[in-house]
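Colleague: The task is simple: from the sequences and hints, build the whole structure.
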Amino acid sequence: DAGVTQSPTHLIKTRGQQVTLRCSPISGHKSVSWYQQVLGQGPQFIFQYYEKEERGRGNFPDRFSARQFPNYSSELNVNALLLGDSALYLCASSLKILTVSYNEQFFGPGTRLTVL
Amino acid sequence: KNEVEQSPQNLTAQEGEFITINCSYSVGISALHWLQQHPGGGIVSLFMLSSGKKKHGRLIATINIQEKHSSLHITASHPRDSAVYICAVRNFGNEKLTFGTGTRLTIIP
Numbered sequence: 009d010a011g012v013t014q015s016p017t018h019l020i021k022t023r024g025q026q027v028t029l030r031c032s033p034i035s036g037h038k039s040v041s042w043y044q045q046v047l048g049q050g051p052q053f054i055f056q057y058y059e060k061e062e063r064g065r066g067n068f069p070d071r072f073s074a075r076q077f078p079n080y081s082s083e084l085n086v087n088a089l090l091l092g093d094s095a096l097y098l099c100a101s102s103l104k105i106l107t108v109s110y111n112e113q114f115f116g117p118g119t120r121l122t123v124l
Numbered sequence: 014k015n016e017v018e019q020s021p022q023n024l025t026a027q028e029g030e031f032i033t034i035n036c037s038y039s040v041g042i043s044a045l046h047w048l049q050q051h052p053g054g055g056i057v058s059l060f061m062l063s064s065g066k067k068k069h070g071r072l073i074a075t076i077n078i079q080e081k082h083s084s085l086h087i088t089a090s091h092p093r094d095s096a097v098y099i100c101a102v103r104n105f106g107n108e109k110l111t112f113g114t115g116t117r118l119t120i121i122p
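Line by line, the protein sequences give chains C and Z.
Sequential numbering of the first sequence, starting at 9, is according to the numbering used here.
Sequential numbering of the second sequence, starting at 14, is according to the numbering used here.
In case anyone wonders, no lab produced these hints; they're calculated from the structure.
Ideal placement from N, C-alpha and C gives every residue a C-beta, glycine not left out.
Errors might be hidden in some of the hints.
Chain Z side only, calculated, beta carbon under 8 angstroms to chain C, not exhaustive [unchecked claim]:
#: 1; residue: Ser58
#: 2; residue: Leu62
#: 3; residue: Ile99
#: 4; residue: Leu110
#: 5; residue: Phe112
Modeller: The structure is reproduced here in structure tokens:
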């Protein structure tokens with residue numbers, strides 16, 4: 009079974025442009041989370057989606073948006089790109105969300121976005 | 014103060030040495046993850062803990078919930094263990110992970 013896949017692997021954009029990153033979770037996983045990792049820092053939580061609904065949002069501006077499709081794949085959109093948006097964008101999937109218990113998250117290889 | 018603190022930030026050791034990486038956190042958690050990130054970015058989940066101790070091969074992870082502290086140990090370290098090791102905690106009630114900044118480990122042959 010394939011792991012979490014992300015596309016594209018690398019992307020170069022210029023300031024002001026818009027970008028869409030894609031993530032396919034492990035088969036059977038219904039929860040997808042997005043993280044931003046700036047060089048030299050730990051990842052920062054952006055969004056979590058479960059059953060096509062947003063279940064969590066990190067401290068990111070409204071330029072960042074996401075959605076989850078009926079097949080549980082997800083897209084992360086970033087509008088009006090800034091130089092500071094250059095980062096590795098990681099997607100992670102997990103089986104389901106539980107309020108009391110927990111589920112292991114499996115990470116994709118990431119999309120490295122460079123904004124010039 | 015960050016919610017998740019790791020130490021040391023950088024660690025260089027000789028092959029074969031016993032390695033310890035520490036993680037302290039300040040919030041209530043439902044689980045703690047140890048992750049490994051190689052150059053290029055891919056993250057591999059090593060352990061997920063909510064109590065006690067777990068062992069996988071040469072890797073051992075422990076957690077003390079009362080002291081809000083976890084350690085990752087590597088026995089008989091090898092150059093292929095060179096990577097960034099990241100501690101991440103899961104908040105109660107959701108699956109948001111809060112990450113430490115990582116420990117860059119370099120094992121010299």
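Colleague: Among the hints numbered above, which are violated by the structure, and what are their numbers in rising order?
Modeller: 2
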